[in-house]
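Student: Listed below, chain by chain, are the residues.
Number of protein chains: 2
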Amino acid sequence: MSVLKTINAVKQPRVKLEFLGVKWYSKFVQGEPAGPSVKEVYGPINKRMKKELSEIQTTLSVDRFIDLDRSIGNYFVDPDGNTFLDTYMQIATVPLGYNHPAMLNVFKDQSKLKYIANRTALAMYPPSNWAQHLKRILMSIAPPDMGYICTQMCGACSNEQSFKSVFIWYNRKRNGGRDFTKQEIETSMHNKPPGCPNLAILSFWGAFHGRTTSSLSVTRSKPIHRLGFPLFEHWPAASFPLYKYPLEENVRENKQIDAKCLAEVEDLIQKNEKKGWPVAGIIIEPIQSEGGDNHASPEFMKELQKICKKNTIAFIVDEVQTGCGASGKMWCHEWFELPTPPEVMTYSKKMLAGGYYHTQEMLPDKGFRIFNTWMGDPARLFVLEAVIHVIKEQKLLEHVRKVGDYTLKGLTDIVKEFPNVLHSPRGRGSLIAASCKDDPTRTKILTNMKKKGIIGGSCGPTSIRLRPSLIFEEKHANIFLDIFRQSVKEM
Amino acid sequence: MSVLKTINAVKQPRVKLEFLGVKWYSKFVQGEPAGPSVKEVYGPINKRMKKELSEIQTTLSVDRFIDLDRSIGNYFVDPDGNTFLDTYMQIATVPLGYNHPAMLNVFKDQSKLKYIANRTALAMYPPSNWAQHLKRILMSIAPPDMGYICTQMCGACSNEQSFKSVFIWYNRKRNGGRDFTKQEIETSMHNKPPGCPNLAILSFWGAFHGRTTSSLSVTRSKPIHRLGFPLFEHWPAASFPLYKYPLEENVRENKQIDAKCLAEVEDLIQKNEKKGWPVAGIIIEPIQSEGGDNHASPEFMKELQKICKKNTIAFIVDEVQTGCGASGKMWCHEWFELPTPPEVMTYSKKMLAGGYYHTQEMLPDKGFRIFNTWMGDPARLFVLEAVIHVIKEQKLLEHVRKVGDYTLKGLTDIVKEFPNVLHSPRGRGSLIAASCKDDPTRTKILTNMKKKGIIGGSCGPTSIRLRPSLIFEEKHANIFLDIFRQSVKEM
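Respectively, the protein sequence lines represent chains W and Y. One point on numbering: in this note's numbering, the residue at position 330 of the first sequence is 331, and numbering is uninterrupted. One point on numbering: in this note's numbering, the residue at position 54 of the second sequence is 55, and numbering is uninterrupted.
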């Protein structure tokens with residue numbers, strides 16, 4: 002029986018339902034099973050589907066297929082009927098779990114279907130009342146003092162286009178807003194300076210910002226993402242502060258790490274200026290995610306922003322993975338209490354489409370500069386409206402902070418129990434991780450977990466990360482912690 | 002009254018309906034007005050909406066808003082009630098006109114809603130039976146002998162990712178498929194060769210391939226797209242054959258143009274090899290669109306492909322604007338009757354999402370190389386299914402060829418009538434254009450046309466282009482030709 006027929010509207014009273022022969026209910030999405038159940042991790046149907054898919058595209062990254070009719074809430078059901086508690090949620094992209102009724106219902110409102118049947122070129126012919134839609138939806142969750150929005154499709158293109166906004170701003174700051182010279186216009190067609198100037202974006206070792214050319218040039222997590230591809234050779238990378246845990250026992254040392262990394266940033270800015278590739282923007286994740294769930298302190302972020310201001314460099318915060326409530330605030334950088342907003346903050350993933358918020362001075366001065374055909378995805382904006390509604394209605398930010406603290410406490414206890422295997426438990430809201438003693442150990446733990454019914458994520462050289470949906474509850478945390486503990490114990 | 006309530010299913014008998022006080026019917030979409038009607042080109046509601054939007058984003062490229070409740074078929078209705086015959090169709094992206102019932106109906110099938118509520122990370126966790134969906138939909142229209150598909154989001158990212166496929170293939174060809182060296186792995190993290198090798202994609206003057214860094218590096222249409230942004234300085238551009246019209250009177254001269262351009266390509270390949278930036282791929286549009294509706298001959302394309310084969314260079318055909326039936330064949334490059342398929346063919350726009358078809362040897366050899374979080378958009382795949390169904394059911398390719406020939410003939414007559422103003426009428430299917438004597442003349446003609454109710458497009462330095470939907474009929478062509486003629490005459 003299809004889940005689509007059994008799930009009920011958000012506000013209906015809780016009812017128990019039968020699903021895969023198990024009775025369950027949930028505070029947030031009705032119809033979850035009581036827990037995971039795995040028969041055969043890689044079953045015959047999954048194998049067949051993978052073989053079929055490999056006839057027309059690469060399947061080298063495919064782990065398993067998902068049965069969208071049967072997956073529900075925090076539970077991922079594969080076509081062989083294996084049920085997993087999903088703590089990775091499609092690479093951190095699923096805001097409200099699977100088959101959330103609020104999201105399923107959006108296009109039952111037939112007036113919304115026209116946004117699917119008629120996708121317009123937003124920057125030339127926006128739909129009627131487009132400003133009102135943007136204000137009601139995207140601007141209702143704008144980061145503090147960021148009053149402008151540029152809608153895009155995905156995280157990588159949001160970063161790419163935001164860099165262009167930064168370059169426009171930087172050139173204007175440097176040349177006083179004069180018009181382009183004849184030489185600039187001519188050389189630009191040959192991809193050469195001064196028309197296409199040598200300008201750089203500085204990023205951090207371990208960063209992940211996407212896989213198009215500029216977003217990949219600032220990505221510094223793994224060789225496999227970049228081997229064999231031409232990238233910007235002169236774009237610099239600085240060390241990200243990698244703290245010693247527990248933080249409270251390493252205060253002085255971690256402060257020194259901050260100072261060292263900040264000095265490196267200043268040094269690279271000077272070096273790149275001398276090299277003829279001045280730094281126009283610095284991009285950073287509030288928590289380095291793919292790079293290993295590396296947390297920098299609010300003090301580091303504030304000092305970094307000061308360095309940007311001092312050097313006329315745009316401060317770009319990449320919230321593609323950390324945004325939309327995952328940290329327990331709508332935007333993770335709100336935890337830093339920066340005195341002024343960053344110039345640019347990019348988003349995607351749980352936001353269902355990409356884009357960036359920015360300050361007024363980052364507006365382009367001419368048309369067709371920050372432009373492409375679609376400029377985002379209006380249909381998905383209306384799905385986001387449902388997500389935002391549920392986040393507010395169900396007080397999910399508070400919920401994420403509470404469940405996050407609970408989960409991190411449990412994880413910390415397990416780390417203490419196995420000090421030779423695990424270390425450095427850390428987290429903000431649902432963005433939780435711990436490190437393993439080495440990569441093979443991590444792989445074994447994740448494999449054990451999967452056999453017992455948990456889909457988990459890895460990050461950095463040795464870490465395991467959680468990226469659950471915003472409706473992950475303490476009862477799910479208990480299942481995760483129990484299976485995680487067993488998986489470590491069985492090493 | 003909303004159009005959504007009055008339009009009927011595709012197969013219902015034609016009925017006349019009233020809309021904006023005019024009676025109409027259409028072979029393809031019911032509910033079209035009898036013709037355009039314009040009260041005030043930039044009316045007060047449009048102005049107000051633009052002012053509202055400018056409070057939160059740039060509106061420097063915004064022409065007008067579109068009323069999606071009232072736009073229908075080939076007619077664009079703005080919020081002031083102006084009705085335009087749309088021959089530009091959202092920068093060539095609308096396949097079946099506005100509010101086509103087949104597209105509106107897709108998500109009335111509730112089983113499809115789950116693909117909107119649950120967007121998975123396609124390259125890790127595809128939905129059940131994903132291969133079957135891809136085969137039934139995308140592979141049913143695959144270009145001849147191109148058996149592999151990589152789904153993406155938009156045209157620019159399709160080109161970006163296809164270049165990476167090309168680089169992987171090229172490196173494998175050059176190094177015999179050996180594994181990465183320690184030096185390559187180390188230097189790759191610094192964006193430096195040999196890990197990130199100096200490799201180039203060759204493109205053509207006038208080309209448009211997108212606005213992310215690599216796609217913009219091969220775009221060579223206008224300075225405003227690129228001024229102020231760092232791009233790949235050593236990626237070469239060759240001359241695109243710009244023929245003299247009428248073709249039948251300039252056969253010898255145009256053959257010489259072909260030969261000259263091909264020699265230039267060979268020369269650039271040699272020069273770039275010497276410079277240490279060997280050409281790994283050549284990208285070309287079957288018809289240069291943004292660059293001026295420049296058509297190259299089938300002979301040129303065949304010779305270009307030969308040069309690629311001779312030099313172990315991938316031949317990349319960019320069908321973002323020309324594909325999905327616009328040329329009267331599903332893919333415009335089918336007109337060239339190439340002896341073997343190109344290595345890569347990219348698409349987007351009328352296809353509703355991006356991607357590229359490719360040959361088997363372009364498959365990556367390792368996982369997570371051609372990868373990103375979403376890898377396309379399953380929800381839009383099902384909308385494309387409806388589009389493909391209508392194209393086949395209604396024989397729209399034949400229709401496009403017939404109406405295209407009719408329109409081009411009419412346009413040619415007008416060009417002959419005004420030889421001092423217009424020249425070089427040209428086209429394939431619905432991809433039709435003519436050149437004006439200069440840019441100010443073009444602007445005046447397009448302004449006149451808009452006042453009389455036609456939305457048209459410009460391209461290249463002096464051309465006017467048509468990019469109508471696939472359901473543009475002779476009766477629409479008559480309206481276009483009549484208004485175009487008047488607009489030229491009133492110069």
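There may be inaccurate statements among the hints.
It does not matter which identical chain is used: a pair holds within one copy or between any two.
Quick list of in silico lysine-lysine cross-link-like pairs, DSS-like style, CA-CA up to 25 Å [said to hold, decoys possible]:
no., residue 1, residue 2
1, LYS490, LYS174
2, LYS330, LYS193
3, LYS272, LYS193
4, LYS276, LYS245
5, LYS261, LYS330
6, LYS223, LYS52
7, LYS445, LYS51
8, LYS367, LYS223
Everything labelled a hint here was simulated from the structure, so no lab data went into it.
Student: Run every hint past the structure and note whether it holds.
Tutor: We went through each hint and held it up to the structure:
Taking the closest pair of Cα atoms, LYS490 and LYS174 never come within 25 Å of each other, the shortest separation being 58 Å inside a single copy and 47 Å across copies. Taking identical chains as interchangeable, the C-alpha atoms of LYS330 and LYS193 are never at most 25 Å apart, the minima being 43 Å within one chain and 38 Å between chains. With identical chains, the CA atoms of LYS272 and LYS193 are at most 25 Å apart both within one copy (21 Å) and between copies (17 Å). Taking CA atoms no more than 25 Å apart as the test, LYS276 paired with LYS245 passes in neither setting, with 34 Å inside one copy and 47 Å between copies.
Taking the closest pair of Cα atoms, LYS261 and LYS330 never come within 25 Å of each other, the shortest separation being 29 Å inside a single copy and 61 Å across copies. For the homomeric pair LYS223 and LYS52, neither the shortest alpha-carbon distance inside one copy (28 Å) nor that between copies (45 Å) is at most 25 Å. In this homomeric assembly, LYS445 and LYS51 come within 25 Å of each other (Cα to Cα) only inside a single copy, at 23 Å, whereas the closest approach across copies is 57 Å. Taking CA atoms no more than 25 Å apart as the test, LYS367 paired with LYS223 passes between copies only; the shortest distance there is 14 Å, against 37 Å inside one copy.
The structure fails hints 1, 2, 4, 5, 6 (numbered hints given earlier, in ascending order).
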